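With the hints as your guide, set chain B onto chain A.
2 protein chains.
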Amino acid sequence: MNIEENENATILTHKPAYKQHKTWRTWLIGKPLSTGDAPHQTIGKLVGLAVFASDALSSSAYSPQEVLLVLAAAGTGAFSFSIPITLATISLLFILTFSYQQTIHAYPGGGGAYIVSRDNLGEAYAQVAGAALLTDYILTVAVSTSSGVAQIASAWPVLAPHKVEIAVIMVLLIMLINLRGVKESGFAFAIPTYFFFVMMVITICAGMFKYFTGTLGMVENPPMDLLKEVSEPISLFLILHAFASGTTALTGVEAISNGITAFKEPRSKNAGITLVWMSVILGAFLIGITWLAHTVGAMPSEHETLFSQIARTTFESRGILYLMMISATTVILIMAANTAFADFPRLGALAANDGYLPRQLTFRGDRLVYSWGIVALAVIASLLIIIFQANVTNLLPLYAIGVFLSFTLSQAGMARRWWKCGHLKPGVEKVEPGSVLRFDKNWMVKMVINGFGAVCTLVVMFIFGITKFRDGAWLIILIIPTLVAIFFAIHRHYKGLAKELSLEKHFMEPTQIQRHRVIIPISGVHRGTLAALRYAKTLSNDITAVHVSIDPIEAQKVKTKWETWGEGIRLVVVESEYRLLMEPLLDYIEQVRELCKENEILTVVVPQFIAGKWWSNFLHMNTADQLRKVMLNDKDLVIVEVPYQVK
Amino acid sequence: MNIEENENATILTHKPAYKQHKTWRTWLIGKPLSTGDAPHQTIGKLVGLAVFASDALSSSAYSPQEVLLVLAAAGTGAFSFSIPITLATISLLFILTFSYQQTIHAYPGGGGAYIVSRDNLGEAYAQVAGAALLTDYILTVAVSTSSGVAQIASAWPVLAPHKVEIAVIMVLLIMLINLRGVKESGFAFAIPTYFFFVMMVITICAGMFKYFTGTLGMVENPPMDLLKEVSEPISLFLILHAFASGTTALTGVEAISNGITAFKEPRSKNAGITLVWMSVILGAFLIGITWLAHTVGAMPSEHETLFSQIARTTFESRGILYLMMISATTVILIMAANTAFADFPRLGALAANDGYLPRQLTFRGDRLVYSWGIVALAVIASLLIIIFQANVTNLLPLYAIGVFLSFTLSQAGMARRWWKCGHLKPGVEKVEPGSVLRFDKNWMVKMVINGFGAVCTLVVMFIFGITKFRDGAWLIILIIPTLVAIFFAIHRHYKGLAKELSLEKHFMEPTQIQRHRVIIPISGVHRGTLAALRYAKTLSNDITAVHVSIDPIEAQKVKTKWETWGEGIRLVVVESEYRLLMEPLLDYIEQVRELCKENEILTVVVPQFIAGKWWSNFLHMNTADQLRKVMLNDKDLVIVEVPYQVK
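These protein sequence lines are chains A and B, in that order.
Residue numbers for the first sequence follow this note's numbering, so the first one is 2 and each next one is one higher.
Residue numbers for the second sequence follow this note's numbering, so the first one is 2 and each next one is one higher.
Just chain A, with the same shape it has in the complex:
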């Protein structure tokens, strides 16, 4: 330790001896990093696109397929509805992009739904946004990993029975990588994202080229497992249900607005342009894939993904291009899961710092990452994968509600903000945490844009919740309010505690402790007992040794030995008729406490046996430990443990 003297306090700097940490943990997640090692780098638009787009772009791997799956209930004839449904989804995407542009420029310090709701709508809405986002990050991991594994299983059907195990192992690997702490190296992110981008462009262009030259075939042996024999009529409900499935493509669009600080200056401008690029690419992918799927007659299936069918038809074989396409899709889905591992712990720490989640979430571990959040995310997502057997279709109804709820809150918050801006005097600035409010003459236009966005996403949320209610959305509709209730319970606890402990209205207590009354519980008279007695004598002259007796012969031994070794201290033997050990002692302590005056404090000095070997714990009654657990609930009792140990 380095020592530095200071006017108020001595400051030491502590560096752990490195050898202490060279364990399996070091091997697994690397050696501890000092707080000063925190990296800071900014990225340009091209790299920014790679870093933030994986979540949004990867959703093209499951969203078009889920649209077809819902339409399949009305027979393959209904598949032609997939094109207008996708166009509606893309319209929603552009409304959102437009709306989020304004958030990015208003919150250059990062404007996630939690912060925007907190600053503009209040704590309660922020907690709703927090609950929605946290559930959604968990589902991002579960859905993306499951979809990634489905791609693998399409290419190598032999792996299909092990989907769940593969998905869980992947989640645990991503967890490990995140526990090591990924320096958000743009390069590492750029490769898979652009690989996926290139493969998508190749696939869609090849498909278009072949279509126009008349050489595009149909899917050979399309999987027919999900086509029902009797088809239901095409209804508005069905169309809306399919549209709801399609909107899952929009998950991840908010990522850039969370991470504005990562961009090079002028960061708002750079982030805004990147968002537009991302939306254009995503829109193109969605319509491209939907069109291709429809043209080649691909079928939604549990055994083979839409991407796999499209790729093997376009490339006319399961050759190298097919495998590259599948690999690129799998990798970008895993990347999408990875982004949740960055977002979930960060939001968890933010909410914990506001006192709505356990404080532990704000602690950064050895490797400067929020380890608790990372582990919690991995565990819950793995459980979901196991419960839903890595089935994307079953997981999806749980998804998206949270996303649209957070979209709505975020945009409603922005609309509220513009309203406030419009009511400021021109030239006046109001600094709020995270952003600056100043008068804007276009406030009404901006408010309408964000307000319209909010209304759209609210409507979509209701469509989603109603059409998918029975498929699983009910669960999320229950979970989000429950989470919010838990957050507030935690908040009340912390607030109550802080108030109780606060020194603000505290006056130094007038009576000082003047006298200790000391009780030493003894099971026998031995060196451990004497060590406790010796310590007790430094506290007070008012010492009583208490022996709870079950066996009169044993009690007689204790009395005889105490005469020799007890230094004249009084001994009380409590005969326990019912062979209880704790209760008689506690009752006795209670009696003594009632006798205590105001300036007296009751101290129980416990001789604490320290087991040498782990198994020897089982050979002792550990009365001291039990006693401590019971007595600790007692505010007015101080427990002193004098350890004795055997070599």
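Hints in this document: simulated from the structure, not taken from any laboratory.
The structure presented is a predicted model; accordingly, all values stated were derived computationally and were not measured.
Hints may contain errors.
No copy is singled out in the list; a pair is fine if it fits within one copy or between any two copies.
Calculated pairs, PhoX-like style, for lysine-lysine (alpha carbon to alpha carbon, straight line, at most 20 Å) [claimed, not checked]:
hint	residue 1	residue 2
1	562	500
2	496	558
3	500	558
4	426	265
5	442	431
Below, chain B alone, put in the same frame as chain A:
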């Protein structure tokens, strides 16, 4: 509490408030009993037979069946060997009876194998006997319950798939009854034992009557599931293997020698006569059942017990007599399991008192029974039943080895005892714990009788171990020495500890503690911290508050507040570069300790937060708890916990 003053010590008598105990426990096992409530009653021969014979007599329910099962490997033709094998078993029974008569008269205070071995052969042999007996009591429970359930399943085949569950529930019920504490009421025991006796006599006599009048039929639809198509030749190994199965009938014969004190005076004589009665009845049952089974052509089977086949053939239907016979058999088997619940905890307490088993086993619970032993027995026996799927045939190879080992040790011990008696001067008495040695002119005859018994049971043990080695006996051959090794490890631990703590060669330490150095670890400055500070000031003037800092802003707050509230006590801030909390504190404490002089003691005063609600524990880092766990391993450090609590 009643208070009684005494010359050396104050004596209090503690009775718990009854309300404290009116919980689910009271409902389940009854209200607590005072130590003075321990019952003492003695019983006559007829009741004694009922109490102690259930284990031995009930073995006739599985032993003859297992003999046939082994012989079945050589085809049904080999079944005629069952008669001479049973006669050999009965001979062994009478040798044992003769031998145990001498034990009963030499040990009027109860002469189980553990005590006889300990007194005459030494501690090591006693521990071997203890290990053998404890394993055997466990197997008695598993085998008897499984056999009882097999009887039920024979009468009601619909229950057959649930054998394991029924057996486990039965074991748990017997456990509960024993936790309540059965006053060994002879009456309750007498009814089922004599019911079984009467039903056996009726069955065997009815069978003999029908045989001699020529009306005894053959078993209708005998179960053929265990008959092999290709039979192996009849070999000496096969005969010995079958004989080994037959000897399981002898388990339980030693029960009376354990329980002599329960008999009315002259107790040795009464116990001896009861033992003879029991052996005669058991012998008659064994040969009767074997003969009947052979005559009616009953087959060993996994689906129907031998008893069930015999009873339905003798009574010509599955009528009321059949059901009574099956019920009687089931009940006596359960009674046999129940006796193990009396013996196992008693032996456990005996061995624990000698320091070879955890001390906890010597504590009697609320209801004056050795609760730990009862629960341990029920848990282990249930696990065995689950592992072996309540299959008697699979459990049996584990049984009996322990019984014969304890027979051998007990009789060898007796032989050794007669040798010692023979070498005393006439008229000289040597009082040993548990028995009195005096010269006996017939010592050689008696030594030969016990010695011959020991040799016979030793030979049987080897036959059993060798012929059943591959069936599972190997497990017991491994377990018994392992247990003995564990017993000795426990003994060494207790002995070492007693020596370390002993005051025998202890001198009062010359240096008294003159000065405390006090360290208070603080995470913040609040009322809890101040309570700890106030307490610390009563101990010493040499106080240092230590704050481990992760966040410089937080550290600054602590410093500022400390200036106001710290009463001038010095504050050390340890900046933890690697965000560790414990290590910097421990390192600091270590540094301070190195500075401590001989008459100084280091005390760490920990402000201990008491969680109000159970779940609020999860919202705190519980640093104090963690700290205590690490520091407790440190002999030279006293930990003081000053609790603070929130309403």
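Quick rundown of the hints versus the structure:
1. 562 / 500: between (51 Å within a copy, 16 Å between copies)
2. 496 / 558: between (53 Å within a copy, 18 Å between copies)
3. 500 / 558: between (52 Å within a copy, 17 Å between copies)
4. 426 / 265: Cα proximity of residue 426 and residue 265: none, with 32 Å in one copy and 107 Å across.
5. 442 / 431: Only inside one copy: residue 442 and residue 431 sit 16 Å apart there, 115 Å across copies, limit 20 Å.
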